[in-house]
Amino acid sequence: MKSELELRGVQQRFHARGVADGYITAVDDVSFSLAASPPQIVSLVGQSGSGKSTIARNVLGLQKPTAGSVLYGGKDIFKLSRAEYDEYRRDVQPVFQDPYAIFNPFYRVDRVLWKAVKKFKLADTRAKGLELIEESLRAVRLEPENVLGRYPHQLSGGQRQRIMLARVHMLRPSFIIADEPVSMLDAQVRKHFLDILLDFQIKHGMTTLFITHDLSTVYYLGGEVMVITKGEIVERGPVSTVMHEPSHPYTKLLLDSIPQPDPDQRWTSRIAVDELERLDDANPAADTKPEAPII
Amino acid sequence: MNNVPGNVSESVLEIKGLEVVYSTNRGDVKAVRGIDLDVRRGEILGIAGESGSGKSTLAVALLRLLKAPGKVTGGSVLFNPAGRSPVDLLKVHGEELRVLRWSALSYLPQGSMSSLNPVMRVEDQFKDVILEHAPERKSSLHEMIPRLLAQVGLEPRVARMYPHELSGGMKQRVLMAIAVALEPDLVIADEPTTALDVTIQRVILQSLADLRTDFGVTLMVISHDMGVHAQLADRVAVMYEGQLVEVGDVRQVFKDPQDAYTRQLIESIPKLGRRAS
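Chains A and B, in that order, are what the protein sequence lines are. Whatever position you read off the first sequence (first residue = 1), add 415 for the working numbering. Whatever position you read off the second sequence (first residue = 1), add 11 for the working numbering.
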């Protein structure tokens with residue numbers, strides 16, 4: 416278990432059609448570090464196309480940045496030895512947005528958990544493995560008898576997302592990289608999920624990088640927040656400070672755009688559509704392909 | 012009553028005693044339980060309520076898009092389009108209904124849902140709607156499409172694009188432009204900004220307000236987000252368990268809610284951001 420995950424000058428460019436130099440820069444010179452101790456929750460907030468998911472892919476080693484490096488315990492994750500890479504793989508765990516896409520519909524959900532037991536040799540007997548699985552399911556407030564033996568389509572989105580958290584719980588990583596994990600969940604299930612993440616931080620000392628476009632979840636989680644726009648991190652600080660005294664104009668715009676539930680506080684200024692259109696053009700989802708093949 | 016054809020009635024929609032049930036094998040579930048509501052011409056009426064309160068069921072029932080096992084079991088919905096005879100929306104069928112749709116009564120769905128056809132260019136989706144509901148406008152299509160796109164702040168080049176080339180906010184604005192293509196009397200918008208980023212949401216709300224100001228469209232906006240209603244609506248109707256618990260001017264509803272549930276709904280809104288402090 417290493418104590419630090421660090422991004423140093425990470426840049427990610429994609430080939431793009433119809434732009435001046437044939438490239439768009441999704442992530443531009445991003446540097447930040449996450450410490451395993453003390454455990455913390457750091458949110459990365461930005462709108463669609465800001466580059467936040469690309470950063471998640473970089474941190475998880477799914478996409479090699481075009482410049483700069485991702486360091487785990489001081490070493491470039493793309494230059495680790497086999498043993499170091501295995502450790503990194505176990506110690507940095509992802510939770511993705513879509514609780515539907517993560518499961519193979521032909522297998523029972525147990526498989527995802529048993530795979531972890533076997534791959535990471537968490538238990539030497541089947542009984543111990545099952546005990547571990549059941550313990551982790553209870554830790555995410557799922558009743559083992561309600562979920563084990565079921566197929567993904569028989570569970571709700573919230574239950575599936577919590578199974579991924581149970582898997583994380585079994586592995587006890589130092590770092591969780593959660594990319595929009597609650598965007599497809601409704602309000603009540605969302606709160607459940609966030610509470611579990613907070614639980615993991617307090618009880619098991621896990622540090623989470625929480626990627627989202629939703630400011631209210633950032634507010635709920637607390638901790639620190641980084642604001643990203645057009646591939647650049649423009650502000651970082653404690654949630655309470657950034658939310659109440661934002662220093663960057665983009666953060667101000669973001670906060671001002673939350674519709675206030677007060678008819679006397681209606682927006683008086685307008686947002687220029689052109690400005691946002693340019694942001695839309697930075698959306699790497701359209702018309703681009705990664706420079707390096709995705710592993 | 013002043014519902015003479017050619018005359019403009021004050022209410023676009025008069026809903027009386029509307030009831031909708033979903034039949035299940037454990038009996039009927041009443042989703043809408045006797046709603047009385049007038050939608051005034053030129054207003055933006057917000058429909059608020061939590062998930063399961065029946066607000067979307069109300070919308071699909073008004074649009075006559077309700078599918079089995081849902082069925083309307085009572086009430087009437089008098090629709091007064093300008094320059095046409097008033098009709099009970101629950102009693103029109105076939106061709107009569109088809110003629111009303113889009114040209115008098117239209118629908119703005121949630122843009123993140125797959126509302127646009129992924130294999131058609133934006134301009135072809137406009138053509139589809141316009142030729143289906145107003146074939147006589149065929150010759151003016153080339154002029155209409157860029158003008159409609161401009162109304163929602165989109166460039167003419169968007170017409171040649173496919174939905175996957177558009178961002179979520181752009182898709183929602185294309186849907187808005189399609190919804191108002193035939194200058195309808197009433198647009199029913201179901202969660203028009205849900206699942207969009209806050210900044211894009213603000214642009215969409217801005218554009219919706221513009222549609223009313225510039226073109227006099229009457230809007231019924233369904234949203235679970237009280238912030239959206241506070242920013243956009245003239246009046247707000249609050250639904251709870253299939254009933255309307257309160258209807259009033261937006262300032263009155265927020266500042267002086269008459270109903271206990273409305274008060275709860277407003278108090279439960281998390282306060283964040285600078286202006287709330």
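Note that these hints are calculated values from the structure, not bench results. C-beta atoms are modelled at their ideal positions from N, C-alpha and C, and glycine is treated no differently. It is possible that part of the hints are untrue.
[Stated by the list, open to error] Using C-beta positions, here's what the derived DEER-type ranges look like:
| # | chain 1 | residue 1 | chain 2 | residue 2 | range |
| --- | --- | --- | --- | --- | --- |
| 1 | B | 153 | A | 482 | 23 to 31 Å |
| 2 | A | 561 | B | 37 | 20 to 28 Å |
| 3 | A | 438 | B | 194 | 55 to 63 Å |
| 4 | A | 455 | B | 39 | 46 to 54 Å |
| 5 | A | 572 | B | 80 | 21 to 29 Å |
| 6 | A | 602 | B | 266 | 48 to 56 Å |
| 7 | B | 226 | A | 455 | 26 to 34 Å |
| 8 | B | 39 | A | 505 | 46 to 54 Å |
| 9 | B | 84 | A | 438 | 44 to 52 Å |
| 10 | A | 618 | B | 84 | 49 to 57 Å |
| 11 | B | 125 | A | 560 | 48 to 56 Å |
| 12 | B | 139 | A | 438 | 52 to 60 Å |
| 13 | A | 539 | B | 37 | 45 to 53 Å |
[What the hints assert, rightly or not] Computed footprint of chain A on chain B; a stretch qualifies when at least three of its residues, placed anywhere within it, have a C-beta under 8 Å from a C-beta of chain A:
| # | stretch |
| --- | --- |
| 14 | 185-198 |
| 15 | 213-219 |
| 16 | 224-238 |
[Claimed, not checked] Far from chain A, by Cβ distances over 10 Å, these chain B residues were calculated:
| # | residue |
| --- | --- |
| 17 | 37 |
| 18 | 82 |
| 19 | 112 |
| 20 | 140 |
| 21 | 143 |
| 22 | 147 |
| 23 | 179 |
| 24 | 208 |
- Evaluate the given range 52 to 60 Å for the C-beta pair formed by residue 139 (chain B) and residue 438 (chain A). Violated, since residue 139 (chain B) and residue 438 (chain A) (Cβ atoms, about 36 Å apart) do not stay within the stated range.
- Query: Is the gap between the beta carbons of residue 438 (chain A) and residue 194 (chain B) within 55 to 63 Å?
  - Reply: 44 Å, violated
- Task: Take the C-beta atom of residue 39 (chain B) and the C-beta atom of residue 505 (chain A), compute their distance, and say whether it sits inside 46 to 54 Å.
- Result: Because 53 Å falls inside the window, the suggested range holds.
- Query: How does the Cβ-Cβ distance of residue 125 (chain B) and residue 560 (chain A) compare with 48 to 56 Å: does it lie in that range?
  - Reply: 36 Å, violated
- Message: Beyond 10 Å on every Cβ pair: is that true for residue 179 (chain B) relative to chain A?
- Response: 6 Å, violated
- Query: Measuring from beta carbon to beta carbon, are residue 572 (chain A) and residue 80 (chain B) in 21 to 29 Å?
  - Reply: 23 Å, holds
- Please test the hint of 48 to 56 Å on the beta carbon pair from residue 602 (chain A) and residue 266 (chain B). 25 Å, violated
- Message: Does residue 37 (chain B) clear chain A by more than 10 Å, comparing its Cβ with all Cβ atoms of that chain?
- Response: About 20 Å separates residue 37 (chain B) from the closest Cβ of chain A, which puts it past 10 Å; holds.
- Distance restraint evaluation - residue 561 (chain A), residue 37 (chain B), Cβ atoms, bounds 20 to 28 Å: With Cβ atoms ~22 Å apart, the hint holds.
- Can we trust that residue 143 (chain B) is non-interface, i.e. its beta-carbon lies farther than 10 Å from all of chain A? 29 Å, holds
- Query: At the C-beta level, are residue 153 (chain B) and residue 482 (chain A) separated by a distance inside 23 to 31 Å?
  - Reply: 47 Å, violated
- Query: Is it correct that the beta-carbon of residue 208 (chain B) has no partner in chain A closer than or equal to 10 Å?
  - Reply: The claim is violated: residue 208 (chain B) sits with its nearest Cβ about 4 Å from chain A, within 10 Å.
Checked against the numbered hints above, the structure violates hints 1, 3, 6, 7, 9, 11, 12, 14, 23 and 24; every other hint is satisfied.
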